[in-house]
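Visitor: Once you have looked at the hints, place chain A on chain F.
Residue numbers (my numbering), protein chains in the order written: chain F, 1 to 281; chain A, 1 to 424.
Check the hints yourself; a few may be wrong.
[What the hints assert, rightly or not] When the alpha-carbon atoms are kept at most 20 Å apart in a straight line, the in silico SDA-like pairs for lysine to any residue are as follows:
no. : chain 1 : residue 1 : chain 2 : residue 2
1   : F       : K65       : A       : G252
2   : A       : K249      : F       : E145
3   : A       : K199      : A       : S221
4   : A       : K199      : F       : D37
5   : A       : K259      : F       : F223
6   : A       : K240      : F       : L144
7   : A       : K199      : F       : A44
8   : A       : K259      : F       : G246
9   : F       : K65       : A       : R250
10  : A       : K249      : F       : L41
11  : A       : K259      : F       : L144
12  : F       : K205      : F       : I277
13  : A       : K154      : F       : D37
14  : A       : K249      : F       : L144
15  : A       : K199      : F       : P143
16  : A       : K154      : F       : L41
17  : A       : K249      : F       : S56
18  : F       : K65       : A       : R416
Since the hints were derived computationally from the structure, they do not count as laboratory data.
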Amino acid sequence: MPRLFPWLQTAPLLAVLLVFLVIPLAMLVIVSFYDYDSFSLIPAFVLTNYKEVFTSAVTWRTYLKTLWFAGLTWVVTLGLGFWLAYFLAFVVRSPTWRMVLFVLTTVPFWTSNLIRMIAWVPFLGRNGILNNGLMAVGAINAPLEFLLFSDFAVILAFVHLYTLFMVVPVFNTMMRIDRRLLEAARDAGAGFWQALWCVILPLCKPGIGIGSIFVVVLVMGDFATVRLMSGGQSASVGLMISNQIGLMQYPAAAANAVVLLAMVLLLVSAMLRAIDIRKEL
Amino acid sequence: MTETKTSLTRRGALALAGAALGSGAVTGFPTLWAQNIKDVTLRQIGTGVSGLNPIAEQVKKDLGFNLQLTVTDTDAVAQRAATQARSFDIADIEYFSIKKVYPTGAVQPIDTTKIKLVDKIVPIFTTGRLTPDSPPGQGTTPFSVGFVESPTAKGFAGKRTEFMTLLPTIYNADTLGIRPDLVGRPIRNWKDLIDPAFKGKASILNIPGIGIMDAAMICESAGIAKYGDKGNMTQPEIDKTINFLIEQKRAGQFRAFWKSFDESVNLMASGEVVIQSMWSPAVAAVRSRGIACTYQPLEEGYRAWGSGLGIMRHVSGLQLDAAYEYLNWYLSGWAGAFLNRQGYYSAVLETAKANMSENEWGYWMEGKPATAEILSPEGKVMEKAGAVRDGGSFTERMGKVVCWNSVMDEDRYMVRRWNEFIAA
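With the rest of the complex left out, here is chain A:
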């Protein structure tokens, strides 16, 4: 699909997209309209981030088969993908998890020749850089674990090949969320989280692979530690970081640690916490309750994450065809627009743009002031006219990514020390 003039209302754009989808004009889903596809059910496991019922409903409408969603937390997704791979067909999983899961053989590589929009995918995933001269960032970058040489290879290619481990669907740049009404001063750096002024009012997330990166950003910002590669720390670096966290915990800096999206929303909305690690839609959820909450851009830059869809090894035949239909559909625009409207980013921008109004695209992706109310996918008012997205445009935000969620070589050691921090 080429660039479309987007001077359309959202409803109009959707209707247009719907019509286009129906006719097969957008991406041409022609291959599989056999009647028996209606009997196919794809069982997908993922996190609450993208395991959303409207997506399943739209799949049913557009593609005719059933998408059955199971939602759990990040660690549990990885765990089940590796140990109970046969209990579902599609894993909606983070790139740092796939680094552990792929070598177990649970996931089959995706043949990119069957993915129609593969060349339209944002270059972060296909070349490792947002623009040819932007830095790739530390940690487990999606590019480094995104491709394999052959269907049987256990290791990652580290370059673009015909076989993808995951089809990228959703990603974002994370930073700290704050309650501007309660922090009482401008927040500029990651180290502000450990400012004694916020004693007992700070929180970080308790998912080791992600929490350790936030901790590293804080330590580096406060001058406590310097890292060769934050995403692949040495044992002394891990010790330094965790010891510092334990010190802070003992001093009473943290109010709580959260593990799920909802917990972070509740901590912030109730005022228990005024500064904490947060995910973009959680900030939106706090704001939609009429409570001020800012997704504060920080001088040191963002920590990013990305996830994608993997096809489990056992999927074959008609079900495999359906899985490819589903992957193609994911990039074709509706899902992208749906996710962009919640503050995430979609893997193919052009098709998503065609499914969003000019106002929505301007607010979410270009950092422009909203020209009219910004509505959530459920139709709730999220922002009034004139509002500007925290952190600005897509390129401003994704361009300032300094590290990605990670799995380290010293993973077992890190997890053990992280547990000690939580138990300390």
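Just chain F, same shape as in the assembly:
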């Protein structure tokens, strides 16, 4: 009986994972080999769905585009997130102010994802606030078209949506840095940049790792932001899957989902190899 005990204790979690993760995933993989016509799935074992994923130039471009979105968003959110966290952790001295400012960074998250995205539309549009403002002060003669329904708009929305996911873990690791280490660095003659590079950055790695996983995974799986902000002009893998589901091409969607899943798992495991996030925990 005592030997069974640990098994019993893990049983509920195991059951939940089995029913809600393993079985759906297995079904996804099985369906990705099915054949289909307009309105029905045909149980079979065909490789057409994967063949269509790997042989279509458009699919390749879409995957590359998704990676490109993820990469660019990662770079920008990392840059922004790091300095925001740095400001909160090291520049602001009073703990009260630190908390107030930290809460301020979360304010955008008090509304829904969708609303935060849609709010950009009247701001960036051809006759939007930004264009009208710039024209009124004479900075430009014609409205800037690239602001909305473009890759720029997509990246902007991603950065707006996901910077906080970088700020929080980085801020958390920064707050754990022993301040005496920084004093020691200064006493030993390190300047600002040297202390940053040799002391703060290495100690922040777990936070950066966690933030990066958040941002990359969220962007890779997104479809709503890409559709809304690019006006349907740009594509991501998530959007492609959502289109296929809308048109009842479930096996094709499943095949794409499996490929995307494999890709994201590879990315995450690469990040975990580079950075030991356990230090954080």
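Guide: For chain A alone, coordinates are given in the frame of chain F:
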């Protein structure tokens, strides 16, 4: 109901219709006044086009039972009808979707002997032609998928039988919407959408079955492609059309692609787009914001669509009786007038006419200048006196339909290529 003198105010007509309905005189809804009908709920799925709360409220008032509406987009309606047929009872679905959905067995045929006004339905649906000598149009015409031989048949009859797949409720002729204040020149042809002058200011809709038809109208108009049947393209025809679209997209012709009604309204109202595929009430919605918008008739003619109500296979007993009550009610006038007032067309014109004022009927259906303000069903002023409907009368508009929204034999290939266009 026979022709009524319509020198009535709208309110008067409604009151009259209400009274007539109450007495059961209009179409005689006598059959089902059992108390338990109040407990019946019909769950309907459809698009925002006709999934409107005032209709549900009126059903409750006139028929006593509940109509529960779920609104989603065209593709999703078809998808749910085919895969989750039991999650609702009535599908408000387009004819081109029913071509795919009916063979799955999700929908039961409608016994037309139980539809009182079946012979009053506009002949587009019952004979395939608006008038005996008008062309039927290319594509998935409602007539071609409107009837089946028997309750168990999987294929379509292609002629009038006793069994309908869908009860037609609403249809229209679509064309391009423009911002007359911003295009700066007269628009006459479908090809004007790809005029370099409108680079970055054009849009088409991203619903493959409909978008491909708009694209075909544009290609044919620009002399890029000739089609045997636009509604049933061959693979090379699909390739030609999609490749052309991709070329245009890469050149930056399109500002955006829209998928829902609201998106098209916002694109136009904000001036992001000055010429685009549009639906009639979307044009009205832009205009009601005080922004000039024309539903431009074009030389090549219109692309039409139609939808109807289908009863899901599992509906039976009292609920089925209620469903037939509901279908009969739909044709009986109130709903027709309600839809006509938004620029759509109703399946039975006479009963709708009796529910509209002379001014409304003249403006919406006869192409006459409005004699007084035209109000939306919510009471908002849509047009001032003197305004004439774009494209003119019912017969002028529906008579110039050259193709219908379609499902092609090469559907899977088309959808794949369409996705490539969107991803390109």
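Visitor: All hints are to be evaluated individually against the structure, with a verdict given for each.
Guide: Now the hints, each set against the structure:
no.: 1; hint: F:K65 x A:G252; verdict: 18 Å, holds
no.: 2; hint: A:K249 x F:E145; verdict: 15 Å, holds
no.: 3; hint: A:K199 x A:S221; verdict: 18 Å, holds
no.: 4; hint: A:K199 x F:D37; verdict: 37 Å, violated
no.: 5; hint: A:K259 x F:F223; verdict: 14 Å, holds
no.: 6; hint: A:K240 x F:L144; verdict: 33 Å, violated
no.: 7; hint: A:K199 x F:A44; verdict: 46 Å, violated
no.: 8; hint: A:K259 x F:G246; verdict: 12 Å, holds
no.: 9; hint: F:K65 x A:R250; verdict: 15 Å, holds
no.: 10; hint: A:K249 x F:L41; verdict: 33 Å, violated
no.: 11; hint: A:K259 x F:L144; verdict: 25 Å, violated
no.: 12; hint: F:K205 x F:I277; verdict: 8 Å, holds
no.: 13; hint: A:K154 x F:D37; verdict: 16 Å, holds
no.: 14; hint: A:K249 x F:L144; verdict: 19 Å, holds
no.: 15; hint: A:K199 x F:P143; verdict: 14 Å, holds
no.: 16; hint: A:K154 x F:L41; verdict: 18 Å, holds
no.: 17; hint: A:K249 x F:S56; verdict: 19 Å, holds
no.: 18; hint: F:K65 x A:R416; verdict: 19 Å, holds
Hints 4, 6, 7, 10, 11 from the list above are not met by this structure, while the remaining hints are.
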